[in-house]
Each structure stands twice: as structure tokens, then as C-alpha cells.
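S.K.: Per my numbering: the sequence shown = residues -9 to 97.
Hints in this document: simulated from the structure, not taken from any laboratory.
Predicted model, so just to flag it, every value in this text is computed and none were measured.
There may be inaccurate statements among the hints.
As the list claims (entries may be wrong) - Straight-line alpha carbon distances no greater than 27 Å define the calculated DSSO-like cross-link-like pairs of lysine-lysine that follow:
| id | residue 1 | residue 2 |
| --- | --- | --- |
| 1 | K0 | K92 |
| 2 | K21 | K41 |
| 3 | K21 | K92 |
| 4 | K41 | K0 |
| 5 | K92 | K41 |
| 6 | K92 | K44 |
| 7 | K44 | K21 |
| 8 | K44 | K0 |
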Amino acid sequence: MLHLTERNFKTEVLEASQPTAVMFYARWCSKCAMMRPCAEELATRFQAQYKFCKVEIDESEILAQSYGIDIVPAFLFFHNGQLLAGFSGLIDTDVLETRLHKIFRNC
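Model the full structure from these sequences, guided by the hints.
M.R.: This is how it looks when you write it as C-alpha cells:
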């Protein structure tokens, strides 16, 4: 998963033509640590279809605040510069995969 900050978010997400999933997390968050392997697994399995990125909220506070991220882990889904959907909380890999395909089905 590509690590994002305020410096590369626009280029890597908003200007990307590929559907992009962004995981917002915190190093101190135990639920984030549990969710990260699920997201990384899907990033590997679907790298040809989707782009997967991550943002550490304490490192990129302004970015997290601009998208209203106050609970982590949180996922936002973008395509062609548009925010399509988002959710927060701990879910398993199968649920994340289902949501991913549903959100990006028309991309």
C-alpha cells in the first residue's frame, strides 16, 4: 500500500484514473493494526484493478481533518477525483472485499 501525506495525496488519489481505496489509520490504534493485514491482502490481490493507499492521521492531520476522519480505521474510496463512499470501523477481509467491489462496480 502506498503511503500518502498531504504532499502526494492530490497526485496519487485525486488525479488518479484508477479506482483508489485509502485507509486512514493511527500507529497507536489497535483496531488499525488488526485491519491493516486485511487491507494489505486485498491490495495485493486486486492491484491490477484498484489502487490501495494509506494515510497515518497523526502525520497528516490536515488531510484527515479535511475528510472528517475522527474514527480510525477509516476507508475512503475515490475514482477520477471524486469521493464515492467511506466508512470507519473494524471489519473482516470478506466484508471489505464485498464493499470494495460494490463501491467500484461502475468504475
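S.K.: For each hint given before, does the structure comply? Return the numbers of the non-compliant ones in rising order.
M.R.: The structure breaks none of the hints.
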